[in-house]
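Required output: the full structure, derived from the provided sequences and hints.
Protein sequence lines correspond, in order, to chains A and B. Residue numbers 13 to 467, in the working numbering, belong to the letters of the first sequence in order. Residue numbers 1308 to 1758, in the working numbering, belong to the letters of the second sequence in order.
Where hints are given, some of them may not hold.
[What the hints assert, rightly or not] Covered, in the sense of this in silico footprint (three residues per stretch, anywhere, with C-beta under 8 Å from a C-beta of chain A), are these stretches of chain B:
no., region
1, 1316-1328
2, 1354-1360
[Claimed, not checked] Residues of chain A placed beyond 12 Å of chain B at every Cβ, according to the derived structure:
no., residue
3, S232
4, R235
5, P264
6, R267
7, G329
It should be emphasised that the hints constitute simulated quantities derived from the structure, not laboratory data. Cβ atoms here follow ideal geometry from the backbone N, Cα and C, with glycine treated the same way.
Spelled out, the chains give:
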Amino acid sequence: MSVRELKIGTSWVRGAIGDALPPELVVNFACAFGTWCGGEAVVIGRDTRSSSPMLRSAVIAGLLSCGCEVIDLGICSSPLLSFAVRDMGASGGIAITGSHNGIRWNALKFFGSDGVLLSSSKSEELMDLYHASAYLQAPWDAIRPVAEAPDRIDRYLEHILSCLDTPLLRRRGFRLAMDFCNGACGEVAARFLEGIGCTLLPLNEDPTGEFAHAPAPSVSNMRQLSSFLRCIRVDLGAAINIDGDRLGLALPDGRALSEEFVLPLTALHRLAHRPGTVVTSLSTSQMVDAVARRFQQEVLRVPIGEGSVMDRGLAEGAVLAGEGSGGVAALPVAMSFDALLTLGIVLESMARRDCTLWDLTEEIPRLEMRKGSLPCPPAIVHRVLEGFRKSYLGEELDTADGLRIRWEDAWLHIRASNTEPILRIIAEARTADRADSIYGEAMNYARRTAFQSGG
Amino acid sequence: MHQHLSLKVTTSGVRGIIGESLSPQILTSFAAAFGTYCGTGPIVIASDTRPSRELVRHAVLAGLLSVGCTPVDLGIAPAPTLMHYVRTRHAFGGICLSGSHNPIEWNALKFIGSDGMVLPPNKTAELVDLFHQGAFPRVSAWELSRVKLEQQAVADHLQAVRRAVQEDRIRSRGFRVAVDCCNGAASLAAPQFLQDLGCTVLPLYTDPHRPFPRSPEPLPAHLSALGALVREQQADFGFALDADADRLAVVGSDGQPLGEDATIALAVRHVLRKDSGPVVVDMACSRIVEDIAAGFGVPVYRTRVGEIHVVERMRQCGARIGGEGNGGVIAPEINPCRDSFVAMALLLEALATEGGTVDAMRSRFPRYALLKEKLDFLAREIPTALRRLQNFFRKETVDRTDGIKIVWPDRWLLARASSTEPVVRVIAEAPTEKEARQLMQQAFECLRPSL
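So, in C-alpha cells, the structure goes:
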C-alpha cells in the first residue's frame, strides 16, 4: 500500500509536491484560514523552493476569495513573518515553507495574530472549518489587490537588534562563516550580522532554492561548512535552515556540534540575565536541564513540535522555548523559533565572557544520545507503540507523545514521526554503554513487533 | 444547489459570479485540467481589469504550475492580444481571464487553443471531461516551472493590425476620435493604437485601476457619456469597447450610437469592396449583412451564436470577413478571432479610402429596427419555454441552428439560451420599430405566459 505523502499537523499542512499536495487542497486550507481570520488582514511569505510560487498563488487566491487583505512579504524567513504579523496588527500569517524538509516537500505554517504558530485548540477550529468546507465568500467588490511591505526587513532587524547588546557585539567584531543552503535567509542574515558588526563569510547564500545539501542543520548536513571552516579563520561556523527557524553551530576548526547544543548554549546566557522557565520537547537532550539547574530554573517537557513548545512556553511565561532540532525562541522577544536571534544570543555570550564557542560548550555536561528510526506504516505504528507501553509497564512513563521512559541516569523516547511514516527512537544516557544498550533493546523490540504486526 | 445557479460551463468558457459560484477551487481545477489538456508547455494568460482579477489570476497560476505548464503572464491585456500572442509565439494554449461583456460581479476563463482560437465544442467537451475526472497528473518539485512575465504582447499585436491596413492613408486623414474603454483591458492599448494611426484621441474611461463606469456591454443605452463627449469635443466619431476588447460599437458625429450591428456591416462592406468572397455571421446578426452581400453577389453563411462557430465556418469556406451582430469583427488573415482593433482599423481604412463620414457611410444601408431583450430564466425552465415558442410558430419557417429562429421574408425573431448568463436572449428585427416590438411582445407571451 502506498502512503499518501500528506501530513496535516497542528499548525501546519505538509506534503510532497505532486498528487499529495495539489493546489486545490492549498486553496481550501487558505480559505479555511482566511475564514478563521474573519476575512481580515493576513501576512504571507515564502521560502526559495521551486514549488513555493505555486503554493503562494494558491494561498493568495484562497485568502482573496474570503475578502482578506493579503500582505505579501515575498521571500522571507518564518521568524520575520511571525514578527510582521504582530507588528502590522494582522489577524494571522501563513509561511509557505518546507522548512528543514527536502526540496520535494513543501508546507503551510499557520500563525495567529500573536505571531505564534497556531496552538492545538486554535488549530482544531481551523481544521473544523476545513473539514466542513465552511468558507467566507467575499463579493467582487471586497476583493482587494495584494499589498507589499517594503520595510519588512528594517522593522524586524530593529526589533531583534534592540534586544541584544549591539555595542558590545560591534566592539568584539566576530568573524563567522554561515551556510544558508540557498534558502530564504541570505539577505536578512547578512544585514543582521552587519548590524552586530560581524564579518560574514557566506556559503550557499543565493536564494535559488537549489539546495546544496539536505537543509536540516544537523552534523551530517554541515559537512560542506566543516570543510569550508578548515580553510578559513573565523570565530564560529553556523548553518541555518531554509526558513530560518533552526540553527546549527560548528567550531572554528571545522567540528560541527550536534544541534542539541543550541538550546543549552542559549540557555547558558539567557538564564543568567533573564531567569525563568525553559520549555522543551520530550525528545530533547537533558543537557539543558543541567544548565537550568545551575540557575535554579525549571525545565518543562511537552510533545514535540514548535506549536506545542511555544504554546506551553507562553502559558508558563517561560523565557526560553526550544527543541533539540536547533529551533529556539527567546520569549517574549521572539514569538517563534528564530535562528538569527539565537545566534545573536550565543555571540553575545561569547563576547560578554570573552571566550570561544569551545569554552562555552565546556560548561555543558556531556551526555550520550542515540537517535534512529524504523519504517512503520501509519496503520501499524499505534499497535507498536501500544506494545511498548505494555512492555515498559512499571517504569516512569510519560505518554503525552508516544512514550517516554525515565530512569535515574537515562531516558528513552519512542514516537511516531509527524512528517514521515516512520517510528523514531531516541535514547540518552550519561555513558555510551548505557545509551547503546537502551537504544539497542528498544530498536530490536520495535523491529520484532512491527514485523509481527505485518509491517 | 442554489449557490451554483450562476455557474456557466460552455464553449465560451467557465463563467460565474465572484463570491457565489466562481470559487478559487473551481478556477484552479479548470486551469489544471486545461494545462493537462494542452501539455507541459507555455500557456499564456491575460486578464481584464475587474477587481477580482488577482483572485482569478492566482488561482489559475496555481493550477497551471501544478501540472508542469509554464504560465506566460501578459498582465492586463485585451483578449485578441492574447489570442494573437498564442498563435504567433506557438504557445500550447491560452486562458483569457475576463468576464468580457458580463457585469462586473462576474468573471470567467476563456480557453484558447494553440491555433489562437477559442476551443471548439468537441475540444471543450474533452476539457470538461478532464475537469470532471478531477485527477490531474501533477508534477514533482523538480519538474515545476516558473511564471514568465511578458510585456511585449500588446505592442506586437497592435503592430500586426496596423500593418494589415493602409496606415499612411489613415494617418493622413488625422481623424479626431473619442474612445470609451470602460476602464477595461484596452484602456492603455486602444488610445495608443489610435494615436499610432495619426488620430487625435479623446479618451474616456481609460483607467484600468478603476471599476467599470458603465455596463461593459457596448449597447446603445450604455454609450451616452461617449455620445456627449463626441458632441462636445466635435469628434469625427466615437469608439466603444467592452471589457476584454473583442467587441466594438461606433457612435456617429452627432453622438448617436449606430447600433452594434453597424460595426459588422461597415467592416463587411469595406472588405468586400477590396476582396470578393463569402461572409459568415451568427444567427443574431442583422439582415443588413445579407443586403450588403447581395450587392456584391456573394453568399452569407449563418452559424450558431458564439465566436468559435463563426471562426470555424469561416475557415471552412475561406471567408475573409465575418463576425457577430454584437460588434465582434473577425478578419482571419489579421487575427482569427473577434478583435476590436481589427474592427477599428478596417473602419478607419474605409473612411480614409472612401472619404466622407461614418454617418454618411451608415446611411448607405437600409435601416431595420433590431430589438434585443433578455429574460431571466432558471436553466431548467428554458427548454420548456423554447418549446412553447416553437409550437406557437409551428406554421412558419423555423431554424433550429441555435435556439429558435423564425424567419419571414422581411423580418425574423430569435430566442436562445445565453451561453454566458442564466437568461434567454430574444432578438427581433423588422422594417419598423413597431413591427419589431410586436414580434418581441409575441415572443414574451410565449416564453412567459404569466407575464
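Hints, verified against the model:
Proximity of the region 1316-1328 of chain B to chain A, defined as three or more residues with a beta carbon under 8 Å from a beta carbon of that chain, is established by the 4 residues found. Given a C-beta distance limit of less than 8 Å, the hint that chain A covers the region 1354-1360 of chain B holds, as 3 residues qualify and 3 suffice. Consistency note on A:S232: stated as away from chain B, and its beta-carbon is indeed over 12 Å from all of that chain's, at 22 Å minimum. At roughly 23 Å from the closest C-beta of chain B, the C-beta of A:R235 stays outside 12 Å, upholding its exclusion from the interface.
The non-interface label for A:P264 is consistent with chain B: the shortest C-beta to C-beta separation is roughly 35 Å, beyond 12 Å. Every CB of chain B lies more than 12 Å from the CB of A:R267, the least distance being 33 Å, so the non-interface label holds. With a cut of 12 Å on Cβ distances, A:G329 stays outside the contact zone with chain B, its closest approach being about 41 Å.
Checked against the numbered hints given earlier, this structure breaks none of them.
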